[in-house]
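S.K.: Now for the letters of each chain:
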Amino acid sequence: MSAQPLAESLVQSVDWLAVAPPVIAAAVGLGVLVADLFLPEARKAVLGWVSVAGLAVAVLMLLPLLDGDRSTFCLTGGATRACSYTADHFTLVIQFLVLGGALLAALLSVTNLTDDQRRVPPGEFWFLLLSSAAGAALLPASRDLATLIVALEVASLPAFALVGIRHGDERSSEAALKFFLSSVTATAVSLMGISFVYASTGTLYLTQVAQRLPHVGGQLHTLAQAGVVLTLIGFAFKTAAVPFHFWVPDTYVGAPLPVAAYLSVVGKAVGFSGLILVTVVAFPSYADVWGPALAALAALTMTVGNVGALRQQATRAYSAVRLLAWSSVGQAGYLLVPIAAAGYARDPQKAIGSTVAYALMYGAVNLGAFAVAAVVGRSRALNRISDYRGLYATNPLTALLLAFFLLCLAGLPPGIIGLFAKVTVFSAAVDAGLGWLAVVMAVNVVIALFYYLQWTALLFRAPEGEPARHRVPAPLTAALTLTGVLGVALSGAPQLVLRFAATGLF
Amino acid sequence: MIDINESVMQFLLAFVVVGPLLGAVAALLPAPPGLKGKSPEQAVLRHGVTVTGAILIAAIVLALGFDQGHPSRMQATTDISWIPALDVRIHLGIDGISLPLVVLTALLTFLCALYSYFKPPAGGSPKAFVALLLLLESGTLATFAVLDLLLFFLAFEMVLIPMYFLIARWGGEGRTHAAWKFILFTLLGSVVMLLGLLLIGIKAGTFDMVALATDNGRSLTASVQVIAVLAIGIGLAVKSPMWPAHSWLPDAHTAAPTVGSVLLAGVLLKMGTYGFVRILLPIAPHGFHTFAPYLAAFAVVGIIYGSLACLALAKRGAKGDLKRLIAYSSVGHMGFVLLGIATMTPTGVNGALFANIAHGLITGLLFFLVGALKDRTGTTDLDTLAEETGLALYGKAPRLGGLLAFGAVASLGLPGLAGFWGEMLALFGAFKPAADLSRPAFLTFMAIGAFGTLLTAAYMLIVVRRVCMGGAEQEVPKLADVHGYEFAAWTPLVALTVVAGLWPRTLLGLTDPAVHQLLAGGTR
Chain L
1 MSAQPLAESL VQSVDWLAVA PPVIAAAVGL GVLVADLFLP EARKAVLGWV SVAGLAVAVL
61 MLLPLLDGDR STFCLTGGAT RACSYTADHF TLVIQFLVLG GALLAALLSV TNLTDDQRRV
121 PPGEFWFLLL SSAAGAALLP ASRDLATLIV ALEVASLPAF ALVGIRHGDE RSSEAALKFF
181 LSSVTATAVS LMGISFVYAS TGTLYLTQVA QRLPHVGGQL HTLAQAGVVL TLIGFAFKTA
241 AVPFHFWVPD TYVGAPLPVA AYLSVVGKAV GFSGLILVTV VAFPSYADVW GPALAALAAL
301 TMTVGNVGAL RQQATRAYSA VRLLAWSSVG QAGYLLVPIA AAGYARDPQK AIGSTVAYAL
361 MYGAVNLGAF AVAAVVGRSR ALNRISDYRG LYATNPLTAL LLAFFLLCLA GLPPGIIGLF
421 AKVTVFSAAV DAGLGWLAVV MAVNVVIALF YYLQWTALLF RAPEGEPARH RVPAPLTAAL
481 TLTGVLGVAL SGAPQLVLRF AATGLF
Chain P
507 MIDINESVMQ FLLAFVVVGP LLGAVAALLP APPGLKGKSP EQAVLRHGVT VTGAILIAAI
567 VLALGFDQGH PSRMQATTDI SWIPALDVRI HLGIDGISLP LVVLTALLTF LCALYSYFKP
627 PAGGSPKAFV ALLLLLESGT LATFAVLDLL LFFLAFEMVL IPMYFLIARW GGEGRTHAAW
687 KFILFTLLGS VVMLLGLLLI GIKAGTFDMV ALATDNGRSL TASVQVIAVL AIGIGLAVKS
747 PMWPAHSWLP DAHTAAPTVG SVLLAGVLLK MGTYGFVRIL LPIAPHGFHT FAPYLAAFAV
807 VGIIYGSLAC LALAKRGAKG DLKRLIAYSS VGHMGFVLLG IATMTPTGVN GALFANIAHG
867 LITGLLFFLV GALKDRTGTT DLDTLAEETG LALYGKAPRL GGLLAFGAVA SLGLPGLAGF
927 WGEMLALFGA FKPAADLSRP AFLTFMAIGA FGTLLTAAYM LIVVRRVCMG GAEQEVPKLA
987 DVHGYEFAAW TPLVALTVVA GLWPRTLLGL TDPAVHQLLA GGTR
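Protein chains in written order, with the numbering used here: chain L, 1 to 506; chain P, 507 to 1030.
By construction, these hints were calculated from the structure, which means they are not laboratory data.
Wrong hints could be hidden among the right ones.
As the list claims (entries may be wrong) - Below, in silico cross-link-like pairs of lysine to any residue (SDA-like), each with a Cα-Cα straight-line distance of 20 Å or less:
| no. | chain 1 | residue 1 | chain 2 | residue 2 |
| --- | --- | --- | --- | --- |
| 1 | P | Lys-633 | L | Ala-393 |
| 2 | P | Lys-687 | L | Val-443 |
| 3 | P | Lys-633 | P | Gly-540 |
| 4 | P | Lys-625 | P | Gly-990 |
Sequences are here, hints too, so could you generate the full structure?
M.R.: Here's what the structure looks like:
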């Protein structure tokens, strides 16, 4: 008699369209890994293009979901409806960011792999990249703590391998080990936090956690509080917030350049979307705990990151990538500001939207800057900032694009989108009454301008010695065009991304 | 004066703001066939003259079409939504306060482009120079034409990058340091300003300057107004520059190329004082009232400090640089402007706006002249120029000497020239400040300010004495006198200085009704 309903609740229909974006990325990844076994050496380049196409299809599969009201893997029965996978507007925007970011990183990788053929195995590389992207795309959609952790691990584990993928490169292996050890520690800590939260509330679904947390019994209160803090630590690590940032510069320098680009955008997106989900969706009742903690974290992160970037010497080896790495730590600080503000604001969703809008801007222009770094890195293997001197004389368009990207990151016109993205972040802070954080950020913006503009000015100086004209292969051209067009279009119509800062996303 | 269709006026104002931007992009592209000129360099410099000339004509037509019967009404207004998420609207418009500044900017930029056409600046490529000049023009014109707080901020920031590169690439000695000082000081100020603007916008629910001015601070609590005025005031004070935030200015002026100095003094400084009048006075009157005495105090300190610095520089053996001297004199002159604004009276604010324009004309001329002197002698060091007895410019290049003396006399505020009215009105305003401001304090400020005019006269006359006059007859090589293109670039400034001095009504008639309205709150 009870067999029928039981079967119904166990076997549920899956909304395949809703889960298509991460599933396609994962499936193409597996397909590439298998195809690698059967392809002759000469035709391995096909794998790259298949992966790029797969990611493009995954991005396109977001289109039918635009109305943003699908969810699947739901808990049937019971008083409240809770789902493990939800494709709402927040999910879609973040999925667009991570899949688009992965697509651009893949375009950079196509050239990188042909240049570095002997040391990087293509089949494994593409498989790892796509699985990490699949995990990153799954994460914003997950609405229970277990799926969240699984997605986080699916996104990070391949990333460790990607960092250390170059055969016979000690720096690369060391970076991977550093990245791995520190990341695993953080995950372990946040798993413990989740178990505490589960112990005190008896559920893993974010919405149910949110409902039950305020009513946790007195003796479990400390446990729940500890659980909240420990969970946050794991996600703070992923966004490379200070004091969990020390792995970033070495990892970026040790990793192949496209992987560094991937980590700087997709890795960050994973961290902060997870952070948003646990803070705003799961633990809103603890806003008085995580609000101030995140505000302090944001202030520290941007200051340490920007000062670190300021200290980079232009003539040191790999200083360009190092500077981008440190500046990405600084930018992570700005991304945290609205999340911290959400802890104070009456309307947390609006504040979250500022982070999302800023992340979209940052994703486009930062990948653009990395694309230019990839162009220069092909003929100047050391990729020092001083190698960019006089780039305008040899590659005027590339130099103008890099100048534009850097000014967007700095937030000064002509990088209008960068300016307005910063304005939304500022306004979230001011709106929440976090005046001191806004002032800290203001000082940081000035510090950041110094190193961004120093690099920009170098592009237009007279070249030293014989100028090297950089050839720009087709995939890099595509990546530069995509990011450049995005940046310019957004500067003309900032509303395209800033509208997320005005409306609710969940 | 002449009746022009409103939609044509709208187009003209939009063209004035956007035209230079398009021109800047076009300057970077290769010249189309038929416009190649003698060489690429010549073609792009000519492009600069053409574009700035077209903008100047548009600005003049705009001024002619401006309904002078109602200068307090926003005219040629455009209001389009741009970023609804942030409530940013492309709201353009001019009234009697902004119109003179728009025309002044267009004029000075055109003269700079004309001057550069005949005397291309040494340094980087002319292509980049013209593009940056046009970008700068667009930013400054936009600052005076926009009526949205965030757009104002955008325009305010837009001038930073071009000015940085103009100083760092085409500047003289110490340019890298000076350029950095310029951009870091101003950016720090303007980011703090942004916080104040956001506070106002969020608390009042709109960023529209006209709506906020009509509201006259009624929807902002006293504490919000105080904080906002402090934050915005810091940003504007750095730009103006107000003592003690002025230290970037002398370095920037000394290092900048002639054209950069002219625009920096003539136009960029006005963006700060314009912001005081347009934003702080009407939108947060209570907050401004709290800080008005302090602003006035800092302003008079600036007047005295600037004058004393100039006196020290003008002394024999002080190794004073002429450009640096004029920069310090700007600190003093802008002190008068700030004093006028701080009185919160129509007289004072009118004086401030008048002094703004006068300073733009006169100091622009002085920087042109000093630049020309540097081209001829290779230095701006006063001791090297004057040696023991004086440069005797009257003998070596009489016209140049005459113009320099004219500029110096205008700058010290001789009645009959433009410099006089603004400073006199500002002092008048301080004599009788707004009803609830402390009169004794302002009387003291007025006395100190008046003493400052004496000091100004002293150092300007010393400069004239050391540069224009000279010792006994000796075999001295003549210097080239004023060239034709220099006449072309300087005559408009000289003429306008005289016109504004003899017929101040042209300007005051425009600003006065608008100022009354701003102070009273609300627009018709």
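S.K.: None of the hints should be skipped; say for each whether it holds.
M.R.: How the hints compare with the structure:
no.: 1; hint: Lys-633/P <-> Ala-393/L; result: 13 Å, holds
no.: 2; hint: Lys-687/P <-> Val-443/L; result: 15 Å, holds
no.: 3; hint: Lys-633/P <-> Gly-540/P; result: 18 Å, holds
no.: 4; hint: Lys-625/P <-> Gly-990/P; result: 12 Å, holds
Of the numbered hints given earlier, the model fails none.
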